[in-house]
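A.B. asks: Note that the protein sequences, when read in sequence, are chains D and S. Residue numbering for the first sequence follows our numbering, starting at 53 and increasing by one per position. Residue numbering for the second sequence follows our numbering, starting at 571 and increasing by one per position.
It is worth saying that the hints were derived from the structure and are not from the lab. As the structure is a computational prediction, the values presented were derived from the model and not from experiment. Even for Gly, the Cβ is constructed at its ideal location relative to N, Cα and C. Any given hint might turn out to be false.
Examples of chain D residues toward chain S, derived with CB under 8 Å [stated by the list, open to error]:
hint, residue
1, 145
2, 275
3, 286
4, 398
Computed cross-link-like contacts, DSBU-like style, restricted to lysine-lysine with a CA-CA straight-line distance of at most 35 Å [stated by the list, open to error]:
hint, chain 1, residue 1, chain 2, residue 2
5, S, 657, D, 268
6, D, 110, D, 145
7, S, 596, D, 335
8, D, 287, D, 145
9, D, 358, S, 596
10, D, 110, S, 587
11, D, 408, S, 666
12, D, 110, S, 675
13, S, 714, D, 110
14, D, 268, S, 635
15, S, 675, D, 356
16, S, 714, D, 114
17, D, 268, S, 666
18, D, 110, D, 352
On the chain S side, residues computed to face chain D include the following (Cβ under 7 Å) [what the hints assert, rightly or not]:
hint, residue
19, 596
20, 597
21, 623
22, 629
23, 648
24, 674
25, 676
26, 679
27, 702
28, 711
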Amino acid sequence: MDGTAQAQSGFFTEEMTISVGPQHPSTHGVLRFVVKTDGEVIGEAIPDVGYLHRSIEKIGEKVTWHGYVPYTDRADYLAAMFANQGFCLAAEKLSGIEVTRRGEFCRVIACELNRLASHLISVGTFGQDIGAMTPFVHALRERETINNLMEEICGARLTYNYIRIGGVGYDILPETCARITEFLDHFEPIVDEFNRLLSGNKIFIERLAGVAVITKEDALAYNLVGPNLRGSGIKWDIRRDIPYSIYPELDFEVPIGTAQVGTLGDSYDRYWVRICEMRESVKILRQCLEMMPKGPAIAKVPRKFKPAAGECYARVEAPRGDMGFYVVADGSEYPYRVRIRTGSYTAMSIIDKLSKGLMIADLVALIGSLDVDAPEIDR
Amino acid sequence: MEAREIYARLERQLAGKVSDFKGEVKEPYLTVAADAIVAACRFLRDDADLRFEVLSDLTALDWPKEEKIQVVYHLFSYSQNHQIVLKVDLPRDNPKVVTVESVWKVANWLEREVYDLFGVIFEGHSDLRRIMLPEDWVGYPLRKDYVEQEEYDGISTQRAPLVEKLLR
Numbered sequence: 053m054d055g056t057a058q059a060q061s062g063f064f065t066e067e068m069t070i071s072v073g074p075q076h077p078s079t080h081g082v083l084r085f086v087v088k089t090d091g092e093v094i095g096e097a098i099p100d101v102g103y104l105h106r107s108i109e110k111i112g113e114k115v116t117w118h119g120y121v122p123y124t125d126r127a128d129y130l131a132a133m134f135a136n137q138g139f140c141l142a143a144e145k146l147s148g149i150e151v152t153r154r155g156e157f158c159r160v161i162a163c164e165l166n167r168l169a170s171h172l173i174s175v176g177t178f179g180q181d182i183g184a185m186t187p188f189v190h191a192l193r194e195r196e197t198i199n200n201l202m203e204e205i206c207g208a209r210l211t212y213n214y215i216r217i218g219g220v221g222y223d224i225l226p227e228t229c230a231r232i233t234e235f236l237d238h239f240e241p242i243v244d245e246f247n248r249l250l251s252g253n254k255i256f257i258e259r260l261a262g263v264a265v266i267t268k269e270d271a272l273a274y275n276l277v278g279p280n281l282r283g284s285g286i287k288w289d290i291r292r293d294i295p296y297s298i299y300p301e302l303d304f305e306v307p308i309g310t311a312q313v314g315t316l317g318d319s320y321d322r323y324w325v326r327i328c329e330m331r332e333s334v335k336i337l338r339q340c341l342e343m344m345p346k347g348p349a350i351a352k353v354p355r356k357f358k359p360a361a362g363e364c365y366a367r368v369e370a371p372r373g374d375m376g377f378y379v380v381a382d383g384s385e386y387p388y389r390v391r392i393r394t395g396s397y398t399a400m401s402i403i404d405k406l407s408k409g410l411m412i413a414d415l416v417a418l419i420g421s422l423d424v425d426a427p428e429i430d431r
Numbered sequence: 571m572e573a574r575e576i577y578a579r580l581e582r583q584l585a586g587k588v589s590d591f592k593g594e595v596k597e598p599y600l601t602v603a604a605d606a607i608v609a610a611c612r613f614l615r616d617d618a619d620l621r622f623e624v625l626s627d628l629t630a631l632d633w634p635k636e637e638k639i640q641v642v643y644h645l646f647s648y649s650q651n652h653q654i655v656l657k658v659d660l661p662r663d664n665p666k667v668v669t670v671e672s673v674w675k676v677a678n679w680l681e682r683e684v685y686d687l688f689g690v691i692f693e694g695h696s697d698l699r700r701i702m703l704p705e706d707w708v709g710y711p712l713r714k715d716y717v718e719q720e721e722y723d724g725i726s727t728q729r730a731p732l733v734e735k736l737l738r
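The shape of chain D in the complex, shown without the other chains (with noise of 0.2 Å):
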């Protein structure tokens, strides 16, 4: 409130400072904001992170190579098959090690049902944030099926450890395939009404359109990268453009936001992005059980894994975008430096610039549709 209307009104606001989190429930995990807010209006918010460093960066100097994909389970609870698999890229691509073919399609099959799980957690509980309860349960019913599946996949249902240097763990058995083809049926209806429940609600809507909003320059800047960087309208998808694994010779489309109910970048396009990308996956799915050749899961690595000194990054396409894995060898049998780069780490730090004149319900809408996860951000 300005000087005028205060003295004409005799109300007035202070500034006030309020710490949110780190035990809040919108914070998906342990972080924390300090927030200085004039009534409901909020001035700044700064984020606080590191609650959960668990110098996962660190251990990978002391363990070996093949004993350091466990760990990168941890990186990110919800999304551990990508992280699986960004190291065993890099692992590969340094020492030059081809996976077998089976195995790459075991790799994508398992991957697409773990972006799944991880879609729908971030829709799920971003309906959760803004008020609406129920289709939180619907996204986790659908969830708990895929991590049934994951756990006849690979024995786990949240830290896989499946994705191996050369390959995976163990092969996708026959029966199991019929059971993810089953479990599609299902799945793609329920798109549809989740869409009737959440995405078409008009409240929902309202919340969302034009709050929040990312310009293409400013997640170029800040270098968003996933979902958040297509919904500001950037098509750019690593499955597609630095392709990896089998992704060339399968059919996908790359959503981006549309703006359809707001302006271009704003929290619903970010949201919308997402919702697209989990029938995109089932497409691809459904492509990979039908081509899945026959023949090993996984190439003769040596149990002693030593690759010549050098160093390379590689990135793959997690349900948070672009992770990049940097390593670096020496020749022995431990990596002499793992550094993981995390889509939540660089949306964490726009949320500072983008808070500024939001209302305090609004910090929630924009956290949820950053789909930022603490264990990701600190590491």
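Dock chain S against the given chain D, drawing on the hints supplied.
C.D. replies: Chain S in isolation, oriented as in the chain D frame:
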């Protein structure tokens, strides 16, 4: 564009400041003098044929034997679909380099992480604080010679090995 050509252009622009181009590796890299990093980054971003719009990653490597800390910049261009890696060698006892925050905003957080875990000072940075670790933490954990402090705030950081306990 080929990495070799990117290097050639950069050398034409900043004669004597770039060196050690390695093109025969997986990700070609080159070394930039510490005082020219901002000029190099700005040129790479703004040149019409290079257009490195994003800083994909910024991290560091510790080389105690060579007495140096290397800051590594991974640059990527969406419009041209090419990449380049820049490295800056800094003395290990006094690692200081100018921030590239003015070129890419994302450098703010990435540099804070390198400062926190490697102890590299980024001059001109708007908010150089620790980010992962508490403000009063001692040492820089990702350096090779890092020794963990024995206790923090009265809490021991050591733990007896679990297996020995079970054997007894």
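A.B. asks: For a C-alpha distance cap of 35 Å, please report whether residue 110/D and residue 145/D respect it.
C.D. replies: 21 Å, holds
A.B. asks: With 8 Å as the cut and Cβ atoms as the points, is residue 275/D at the interface with chain S?
C.D. replies: 4 Å, holds
A.B. asks: Given residue 597/S as an interface hint, is its Cβ closer than 7 Å to any Cβ of chain D?
C.D. replies: OK, holds: residue 597/S within 7 Å of chain D, min 5 Å.
A.B. asks: If you draw a straight line from the CA of residue 287/D to the CA of residue 145/D, is it 35 Å or shorter?
C.D. replies: 26 Å, holds
A.B. asks: Should the interface hint for residue 702/S be scored as holding, given a Cβ-Cβ cut-off of 7 Å against chain D?
C.D. replies: 4 Å, holds
A.B. asks: Has the given pair, residue 358/D with residue 596/S, been kept, meaning a C-alpha gap of at most 35 Å?
C.D. replies: 17 Å, holds
A.B. asks: Given residue 629/S as an interface hint, is the shortest Cβ-Cβ distance to chain D below 7 Å?
C.D. replies: With a closest approach of 5 Å, the residue 629/S hint holds.
A.B. asks: If you take the shortest Cβ to Cβ gap from residue 674/S to chain D, is it below 7 Å?
C.D. replies: Given a least distance of 6 Å, the restraint on residue 674/S holds.
A.B. asks: Using the nearest Cβ pair, does residue 676/S come within less than 7 Å of chain D?
C.D. replies: Result: holds, 4 Å to nearest chain D Cβ.
A.B. asks: Holds or violated: residue 596/S as interface residue toward chain D, Cβ cutoff 7 Å?
C.D. replies: 4 Å, holds
A.B. asks: Is residue 408/D close enough to residue 666/S, meaning Cα to Cα at most 35 Å?
C.D. replies: Since the Cα atoms of residue 408/D and residue 666/S sit roughly 32 Å apart, the hinted pair holds (cutoff 35 Å).
A.B. asks: Straight-line Cα separation of residue 268/D and residue 635/S no greater than 35 Å?
C.D. replies: Outside the cut-off at roughly 43 Å; violated.
Hints 14 and 15 from the earlier list are contradicted by this structure; the remaining hints agree with it.
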